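Dock chain H against the given chain R, drawing on the hints supplied.
In case you want the letters, here they are:
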Amino acid sequence: MDVVHDDTTSINEEEKEDRISNLPDDIVHRILSFLDMKHAIQTSTLSKKWKRVWTSMSHLNLSNQTFGTFPQFSKFVRKALSRRNHHTEVSAVKLSFTGTAYNFAPVVKRIVKYAYVHNVRHVTMMWFSPGRIYHGFPECIFSSPTLKHLTLAMNERSRYPGSIPKLAWDFPALETLSLSNLRLGDYACKSVDLFSKCVNLKDLTLHQSSMSCVELINVCAPQLRNLTITDPYHFPKVFNVVAPQLKNLTASVSTRLNFHGFNFLQLSTEGLNSLEKVNLTMSTSMYIQEIYVPKLLDLFQKLRSAKFLILDLYIIHTLSLGLDQLLREPCPFNSLKCLKIDTLKQDCIAEVSAEVRDYFLESSSSAAFIVDIP
Amino acid sequence: MSKKTLTLMSKDKQLFNIEEHLAVQSVTIRNMVKEDGASSVIPLPRVDSETLALVIEYLNRQQAPEEDEDYVKKFVDERGEIPTLLELAQAALDLDIKKLMDAACMKVADLIKDFTLEEVREALRIENDRTPEEEKAIRDEFQWAF
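Protein chains in written order, with the numbering used here: chain R, 155 to 528; chain H, 96 to 241.
What the hints contain is simulated information worked out from the structure, not anything from laboratory work.
Any given hint could turn out to be false.
Said to hold, decoys possible - Computed list of lysine-lysine pairs in BS3-like fashion (alpha-carbon distance at most 25 Å, straight line):
{"id": "1", "chain 1": "H", "residue 1": "231", "chain 2": "R", "residue 2": "205"}
{"id": "2", "chain 1": "H", "residue 1": "208", "chain 2": "R", "residue 2": "302"}
{"id": "3", "chain 1": "R", "residue 1": "192", "chain 2": "H", "residue 2": "208"}
{"id": "4", "chain 1": "R", "residue 1": "203", "chain 2": "H", "residue 2": "208"}
{"id": "5", "chain 1": "H", "residue 1": "129", "chain 2": "H", "residue 2": "208"}
{"id": "6", "chain 1": "R", "residue 1": "356", "chain 2": "H", "residue 2": "194"}
{"id": "7", "chain 1": "R", "residue 1": "356", "chain 2": "H", "residue 2": "193"}
{"id": "8", "chain 1": "R", "residue 1": "248", "chain 2": "H", "residue 2": "208"}
{"id": "9", "chain 1": "H", "residue 1": "231", "chain 2": "R", "residue 2": "229"}
{"id": "10", "chain 1": "R", "residue 1": "491", "chain 2": "R", "residue 2": "449"}
{"id": "11", "chain 1": "R", "residue 1": "302", "chain 2": "H", "residue 2": "193"}
{"id": "12", "chain 1": "R", "residue 1": "263", "chain 2": "R", "residue 2": "320"}
{"id": "13", "chain 1": "R", "residue 1": "202", "chain 2": "H", "residue 2": "208"}
{"id": "14", "chain 1": "R", "residue 1": "449", "chain 2": "R", "residue 2": "391"}
{"id": "15", "chain 1": "R", "residue 1": "203", "chain 2": "H", "residue 2": "231"}
{"id": "16", "chain 1": "H", "residue 1": "208", "chain 2": "R", "residue 2": "229"}
{"id": "17", "chain 1": "R", "residue 1": "351", "chain 2": "R", "residue 2": "302"}
{"id": "18", "chain 1": "H", "residue 1": "231", "chain 2": "R", "residue 2": "192"}
{"id": "19", "chain 1": "H", "residue 1": "168", "chain 2": "R", "residue 2": "248"}
{"id": "20", "chain 1": "R", "residue 1": "202", "chain 2": "H", "residue 2": "231"}
{"id": "21", "chain 1": "R", "residue 1": "233", "chain 2": "H", "residue 2": "208"}
{"id": "22", "chain 1": "R", "residue 1": "248", "chain 2": "H", "residue 2": "193"}
{"id": "23", "chain 1": "H", "residue 1": "194", "chain 2": "R", "residue 2": "248"}
{"id": "24", "chain 1": "H", "residue 1": "208", "chain 2": "R", "residue 2": "205"}
{"id": "25", "chain 1": "R", "residue 1": "229", "chain 2": "R", "residue 2": "248"}
{"id": "26", "chain 1": "R", "residue 1": "233", "chain 2": "H", "residue 2": "231"}
{"id": "27", "chain 1": "R", "residue 1": "431", "chain 2": "R", "residue 2": "461"}
Every value quoted in this text rests on a predicted model; they were computed, and no experiment measured them.
Looking at chain R on its own, in the form it has when it is part of the complex (with noise of 0.2 Å):
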């Protein structure tokens, strides 16, 4: 920025005006970026100036709702790709796109080739696929040098979660990871390691997964600081992390009850030392049973080094079920520096038991008492 006094000192209108229709690159790129890439390709058509703007877009926002039908997306895309300026990176694709995954998977190819090519940072993609069977992310989407954060999402609360490779994805610089309503395993793979090659990976969130007929998932990642496990359609046997710099873990501890049935989180650890923050929900009052409160005691040896918990107003209740049991052992959490109740999902008002409370805050007497009040 020019530091210079000026000695204008009224606003003149004809300047503002003339300030806007000189919009510096930056500006004009920015608000590209967050269009849709066929709006940005119809500003071509503004005016001489703007007609290679678009070309030097770093952000590829697509989607084929607008388009009538399938081949004119297609071409839309190859004549898109091969039009832009290839001197100028890609930081960011995003690609919304509805269809079966026949038409999905030569689309991807195409745009991932290229993204890849240039170096692409953020790739985001969602799929609504109005198919029954199979719906393949396609292998091509993961291996790549570059890139830090992807996500991929199916249709939310489809009864047909996407598939995605079972072999270790190749993704040495991604540090952020969130998929949404995906297979991970099945029949064919029961033990399933796919972030194994992910060096880098620091954030991994796993919303609506199936991760049903799977012994064993394994979230091996040396640099991982959070960990987020939503709403699971299913649990595998066993959930293993190995992740020595694990700071904050947010985890449903069951399934909510669908066509799978329904289970609990068994995870098994190397030590979570340098755990933070846990946050765990259980969603729903099925689980409120006695039987259940030997599972949540061996999650809470699991999460000992945690010093801010939050729990539900549900494993509060289940808690208070199986007091012999809770007052058999001390309780693990013994470097609490807050417990925090959350009720705001439960239209239960909220009742916490005396005895599950003083039982954790037994070991950390300064810790912090909240109770969330909707």
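Chain H in isolation, oriented as in the chain R frame:
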């Protein structure tokens, strides 16, 4: 420790005070403070007073980190006029306040995405310098994007 205050001067010579620890959210100001302590008035010759007042309001926000995103979105939503948003984006670019610039540009994109080309020209003050024949030719060239 008393909080240090900086004075910013708009293009039309209006003075605005702001606490230094809030002002340094602007990378431009942060660098100036680092270089010479920026003890006197910092002139911003390209930012008018109305826009600077908005920028100061933004820098003075007291949001918890997890609510900040929503706040920034609401902040630009409430100033939904394209000329104001573009001024804000340019000021944020000059002052290097990334979040504010992104939010302002995103709002502009959101507003113009349903505009006709003629409306986009008007909003961004772009003069159509093509003859009708040239315009037809360019539309034919890009018909795959319409």
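* Given pair status - residue 208/H, residue 233/R, alpha carbons within 25 Å -> Answer holds: residue 233/R to residue 208/H is near 21 Å, not above 25 Å.
* Taking only the CA atoms, is the gap from residue 208/H to residue 229/R under or equal to 25 Å? -> Given that 25 Å is the threshold and the Cα spacing comes to 22 Å, the pair holds.
* **Agreement of residue 231/H and residue 229/R with the hint, judged by alpha carbon distance not exceeding 25 Å** => 21 Å, holds
* Can the restraint linking residue 248/R and residue 193/H be considered satisfied, given a maximum Cα separation of 25 Å? -> Answer holds: residue 248/R to residue 193/H is near 21 Å, not above 25 Å.
* Is the straight-line distance between the alpha-carbon of residue 491/R and that of residue 449/R 25 Å or less? -> 24 Å, holds
* Decide if the proposed pair is consistent with the structure: residue 449/R and residue 391/R, CA atoms, cutoff 25 Å inclusive. => With Cα atoms ~13 Å apart, residue 449/R and residue 391/R stay inside 25 Å; holds.
* Regarding the pair residue 356/R and residue 194/H, is the alpha-carbon distance no greater than 25 Å? -> Answer holds: residue 356/R to residue 194/H is near 23 Å, not above 25 Å.
* To do: With a cut-off of 25 Å on the C-alpha distance, tell me whether residue 203/R and residue 231/H pass.
  => Since the Cα atoms of residue 203/R and residue 231/H sit roughly 16 Å apart, the hinted pair holds (cutoff 25 Å).
* Take the C-alpha atoms of residue 192/R and residue 208/H, compute the straight-line distance between them, and say whether it is at most 25 Å. => 10 Å, holds
* Compare the distance between the alpha carbons of residue 168/H and residue 248/R with 25 Å, and conclude whether the hinted pair is satisfied. => It holds: about 21 Å lies between the C-alpha atoms, which stays within 25 Å.
* Given the hint that residue 202/R pairs with residue 208/H, test it: the Cα-Cα distance must not exceed 25 Å. => The hint holds at about 20 Å.
* Asked: Is it true that the CA of residue 231/H sits at most 25 Å from the CA of residue 192/R?
  -> This hinted pair holds, its Cα atoms lying about 18 Å apart.
Hint compliance for this structure: hints 2, 5 are broken, all remaining hints hold.
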